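Participant: Each chain is listed here by its residues.
Protein chains: 2
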Amino acid sequence: MTTADPVARILGGDVRAIARAISLVEDETAAGRSLIRGLYSHTGHAYVVGITGPPGAGKSTLVDRLTAEIRRAGLTVGIIAVDPSSPFTGGALLGDRVRMNAHAADDGVFIRSMASRGHLGGLARATADATLVLDAAGKDVIVIETVGVGQGEVEIVAAADVALVLLVPGTGDDVQALKAGIMEIGDLFVVNKADREGADRVVQSVAANLSLQTFTAGDWQPPILKTEATAGSGIAEVWAAIERFRSHTAGSQPQRRRVRHEARLRQVLAQQFTQRVDEVLPRAEWQRVLDAVAARTVDPYSAASDLLAHVVPLFQTRAIP
Amino acid sequence: MTTADPVARILGGDVRAIARAISLVEDETAAGRSLIRGLYSHTGHAYVVGITGPPGAGKSTLVDRLTAEIRRAGLTVGIIAVDPSSPFTGGALLGDRVRMNAHAADDGVFIRSMASRGHLGGLARATADATLVLDAAGKDVIVIETVGVGQGEVEIVAAADVALVLLVPGTGDDVQALKAGIMEIGDLFVVNKADREGADRVVQSVAANLSLQTFTAGDWQPPILKTEATAGSGIAEVWAAIERFRSHTAGSQPQRRRVRHEARLRQVLAQQFTQRVDEVLPRAEWQRVLDAVAARTVDPYSAASDLLAHVVPLFQTRAIP
Numbered sequence: 001m002t003t004a005d006p007v008a009r010i011l012g013g014d015v016r017a018i019a020r021a022i023s024l025v026e027d028e029t030a031a032g033r034s035l036i037r038g039l040y041s042h043t044g045h046a047y048v049v050g051i052t053g054p055p056g057a058g059k060s061t062l063v064d065r066l067t068a069e070i071r072r073a074g075l076t077v078g079i080i081a082v083d084p085s086s087p088f089t090g091g092a093l094l095g096d097r098v099r100m101n102a103h104a105a106d107d108g109v110f111i112r113s114m115a116s117r118g119h120l121g122g123l124a125r126a127t128a129d130a131t132l133v134l135d136a137a138g139k140d141v142i143v144i145e146t147v148g149v150g151q152g153e154v155e156i157v158a159a160a161d162v163a164l165v166l167l168v169p170g171t172g173d174d175v176q177a178l179k180a181g182i183m184e185i186g187d188l189f190v191v192n193k194a195d196r197e198g199a200d201r202v203v204q205s206v207a208a209n210l211s212l213q214t215f216t217a218g219d220w221q222p223p224i225l226k227t228e229a230t231a232g233s234g235i236a237e238v239w240a241a242i243e244r245f246r247s248h249t250a251g252s253q254p255q256r257r258r259v260r261h262e263a264r265l266r267q268v269l270a271q272q273f274t275q276r277v278d279e280v281l282p283r284a285e286w287q288r289v290l291d292a293v294a295a296r297t298v299d300p301y302s303a304a305s306d307l308l309a310h311v312v313p314l315f316q317t318r319a320i321p
Numbered sequence: 322m323t324t325a326d327p328v329a330r331i332l333g334g335d336v337r338a339i340a341r342a343i344s345l346v347e348d349e350t351a352a353g354r355s356l357i358r359g360l361y362s363h364t365g366h367a368y369v370v371g372i373t374g375p376p377g378a379g380k381s382t383l384v385d386r387l388t389a390e391i392r393r394a395g396l397t398v399g400i401i402a403v404d405p406s407s408p409f410t411g412g413a414l415l416g417d418r419v420r421m422n423a424h425a426a427d428d429g430v431f432i433r434s435m436a437s438r439g440h441l442g443g444l445a446r447a448t449a450d451a452t453l454v455l456d457a458a459g460k461d462v463i464v465i466e467t468v469g470v471g472q473g474e475v476e477i478v479a480a481a482d483v484a485l486v487l488l489v490p491g492t493g494d495d496v497q498a499l500k501a502g503i504m505e506i507g508d509l510f511v512v513n514k515a516d517r518e519g520a521d522r523v524v525q526s527v528a529a530n531l532s533l534q535t536f537t538a539g540d541w542q543p544p545i546l547k548t549e550a551t552a553g554s555g556i557a558e559v560w561a562a563i564e565r566f567r568s569h570t571a572g573s574q575p576q577r578r579r580v581r582h583e584a585r586l587r588q589v590l591a592q593q594f595t596q597r598v599d600e601v602l603p604r605a606e607w608q609r610v611l612d613a614v615a616a617r618t619v620d621p622y623s624a625a626s627d628l629l630a631h632v633v634p635l636f637q638t639r640a641i642p
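From first to last, the protein sequence lines are chains Z and Y.
The end of the first sequence is residue 321 by the working numbering, with every number in the run present.
The end of the second sequence is residue 642 by the working numbering, with every number in the run present.
Watch out, some of these pointers could steer you wrong.
What follows is a set of in silico ranges between Cβ atoms, one per label pair, in the way DEER data are often shown [unchecked claim]: (1) Y:R337 x Z:F215: 35 to 41 Å; (2) Y:A394 x Z:F215: 52 to 58 Å; (3) Y:S532 x Z:E184: 40 to 46 Å; (4) Z:H310 x Y:A352: 24 to 30 Å; (5) Z:T230 x Y:R609: 49 to 55 Å; (6) Z:A73 x Y:S573: 54 to 60 Å; (7) Y:G539 x Z:Q204: 56 to 62 Å; (8) Y:R609 x Z:S247: 29 to 35 Å; (9) Y:A613 x Z:F215: 31 to 37 Å; (10) Z:G251 x Y:D540: 55 to 61 Å; (11) Y:R609 x Z:G74: 34 to 40 Å; (12) Y:S344 x Z:G232: 46 to 52 Å; (13) Y:P634 x Z:A73: 47 to 53 Å.
Read the hints as simulated data drawn from the structure, not as lab findings.
Since we're looking at a predicted model, the values are computed, not measured.
Each residue gets a CB set at the ideal place from its N, CA and C atoms; glycine is no exception.
Please put together the full structure from these sequences, using the hints given.
Facilitator: Set out below in structure tokens:
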């Protein structure tokens with residue numbers, strides 16, 4: 001088994017091979033990219049559910065309960081919890097271990113926490129690749145969970161097949177959440193901890209916000225659901241709403257995915273370009289440009305234009321090392 | 322006055338010209354880039370203070386009080402509040418108006434809210450350019466305030482001359498904040514609402530976290546300060562700590578700024594590359610590649626490699642439209 005081709009092992013659902021593949025793409029290694037090349041033709045079957053909400057909204061609990069619901073429907077689940085943990089405090093690893101317990105005995109569920117990477121865009125790329133790995137491994141539904149405050153984190157969820165925005169009653173948190181630019185991305189709104197005071201006020205705020213948007217006949221109208229995830233109440237309704245959304249948007253889903261492919265392709269293209277620049281541009285030349293920018297004798301836009309004009313011919317004359 | 326060159330007006334501190342310039346760079350217009358080119362040689366004098374913390378930590382109040390303190394020291398202040406508000410609900414505009422009142426009569430203070438842009442990286446670029454505009458306009462200190470949860474938002478603060486992390490006692494928020502990967506970027510930690518129960522526990526958590534990091538002799542040891550921003554207490558100490566940090570790091574500041582310049586230059590270079598691709602690559606060819614990626618016949622990494630090899634020769638043969 002361990003001698004088999006990693007692509008074959010992932011396609012066969014081998015948990016260790018999947019975990020290793022995700023580590024490789026998370027670290028942005030050449031081996032990870034090579035795996036994605038091998039797996040890609042086997043992807044496109046999974047339905048991707050994005051879930052975002054403020055810290056403390058109960059995302060983990062909701063995802064756990066929703067996973068149980070999806071399993072009852074006979075489907076397998078892959079979970080990617082984007083945890084903005086410090087590599088220093090090791091929070092993501094702990095999260096993994098704590099959460100694994102709930103579905104530990106179920107090999108129809110694969111859970112993975114991903115920590116924020118050191119640079120902008122790295123997280124989106126790693127999450128997209130991890131989704132492909134789980135898709136190729138045959139998971140029917142992939143749930144991506146992020147904290148819904150940062151721009152990058154919200155965008156990851158906006159790129160899913162369905163985007164669920166989780167809210168919670170609390171001391172002004174409802175307003176915070178609505179202000180965070182996540183109203184536009186919600187295909188579904190869920191007010192968790194609905195037994196708490198203020199839950200109806202949150203529902204009304206969301207409804208008021210939605211009423212400002214113009215929907216035309218036939219448009220999906222984002223529902224606002226209430227849950228008490230800890231007690232498990234309302235979860236079946238959330239899954240039913242996701243299934244309704246999936247049916248409703250079956251016709252437009254290829255277009256939605258195409259937008260996602262295009263954004264992805266642009267991102268990878270820019271990354272490969274930057275890598276090629278580092279390969280062909282001697283470090284001394286790079287330093288000279290930086291010296292000029294630091295000395296304020298050339299501005300960053302002009303410096304970048306000059307660099308672009310300078311490196312492009314090098315792409316063709318210098319071999320890849 | 323209104324007929325004067327916009328660069329001259331900004332250098333002269335003209336409030337309307339500054340506001341217009343920031344709008345132009347925020348919208349990523351060619352006019353904005355042209356202004357930055359004209360202003361750049363007049364920048365580099367301002368000291369950039371980055372402040373981040375969870376929603377509800379009291380960032381706005383702290384920034385208002387700190388601004389008053391900096392003004393008492395005889396320095397002018399530019400404030401960029403990165404507000405992840407919805408363009409749809411218009412939150413940022415409202416924030417602007419509410420906050421303007423506190424320093425409305427003081428022309429030594431310029432306040433600007435910036436909303437999250439539609440794409441990753443846009444916010445960092447717009448904030449960096451707005452900082453240059455305020456720097457050229459002669460502001461001595463520029464304060465950049467962001468919500469400290471998203472990766473992109475945290476990075477903006479990490480790129481400042483000094484990074485202040487604001488924490489607040491509360492229901493587990495201290496843990497959330499420490500988990501958000503912002504421990505490493507803090508040059509200064511401030512526990513606001515220090516009259517609340519649990520403030521000392523937050524101070525201890527931060528101290529415990531810092532004790533895990535290895536500092537060598539002569540390294541700056543991030544202090545942990547307590548404030549009650551609403552009452553104005555502790556604010557003078559925060560400004561004193563910022564001044565101490567500035568003196569302590571005076572020798573290493575050029576290197577820190579160089580790292581910032583390099584990140585900036587790479588970002589602008591990648592953006593210009595992407596723009597050039599859109600200019601030279603016929604839309605039909607782009608669609609053909611997207612079709613193949615959507616049909617899963619080619620993976621995104623291979624598609625990007627092929628595109629890169631294809632567009633580079635076009636850069637040299639096709640004129641910029």
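Participant: Within 35 to 41 Å or not, the Cβ separation of Y:R337 and Z:F215?
Facilitator: Holds: the Cβ-Cβ distance is about 39 Å, inside 35 to 41 Å.
Participant: Go ahead and decide if the range 54 to 60 Å is satisfied by the Cβ distance of Z:A73 to Y:S573.
Facilitator: Since the Cβ atoms of Z:A73 and Y:S573 sit about 58 Å apart, the hinted range of 54 to 60 Å holds.
Participant: Quick one: are Y:R609 and Z:S247 within 29 to 35 Å, going by C-beta?
Facilitator: holds (31 Å)
Participant: Using the beta carbons of Z:H310 and Y:A352, state whether their distance is inside 24 to 30 Å or not.
Facilitator: holds (26 Å)
Participant: Using the beta carbons of Z:G251 and Y:D540, state whether their distance is inside 55 to 61 Å or not.
Facilitator: This hint holds: roughly 60 Å between Cβ atoms.
Participant: State, for the Cβ atoms of Y:S532 and Z:E184, whether the hinted interval 40 to 46 Å holds or is violated.
Facilitator: Roughly 43 Å apart at Cβ, these two residues keep to the hinted range, so it holds.
Participant: For the pair Y:A613 and Z:F215, does the Cβ-Cβ distance stay inside 31 to 37 Å?
Facilitator: holds (34 Å)
Participant: Quick one: are Y:P634 and Z:A73 within 47 to 53 Å, going by C-beta?
Facilitator: holds (52 Å)
Participant: Does 56 to 62 Å hold as the CB distance between Y:G539 and Z:Q204, or does it fail?
Facilitator: holds (57 Å)
Participant: Would you say the C-beta atoms of Z:T230 and Y:R609 sit inside 49 to 55 Å of each other?
Facilitator: holds (50 Å)
Participant: Verify the CB-CB distance for Y:S344 and Z:G232 against the hinted window 46 to 52 Å.
Facilitator: holds (49 Å)
Participant: Could one say that the CB atoms of Y:A394 and Z:F215 fall in the range 52 to 58 Å?
Facilitator: Holds: the Cβ-Cβ distance is about 53 Å, inside 52 to 58 Å.
Consistency with the previously given hints is maintained throughout, with no hint failing.
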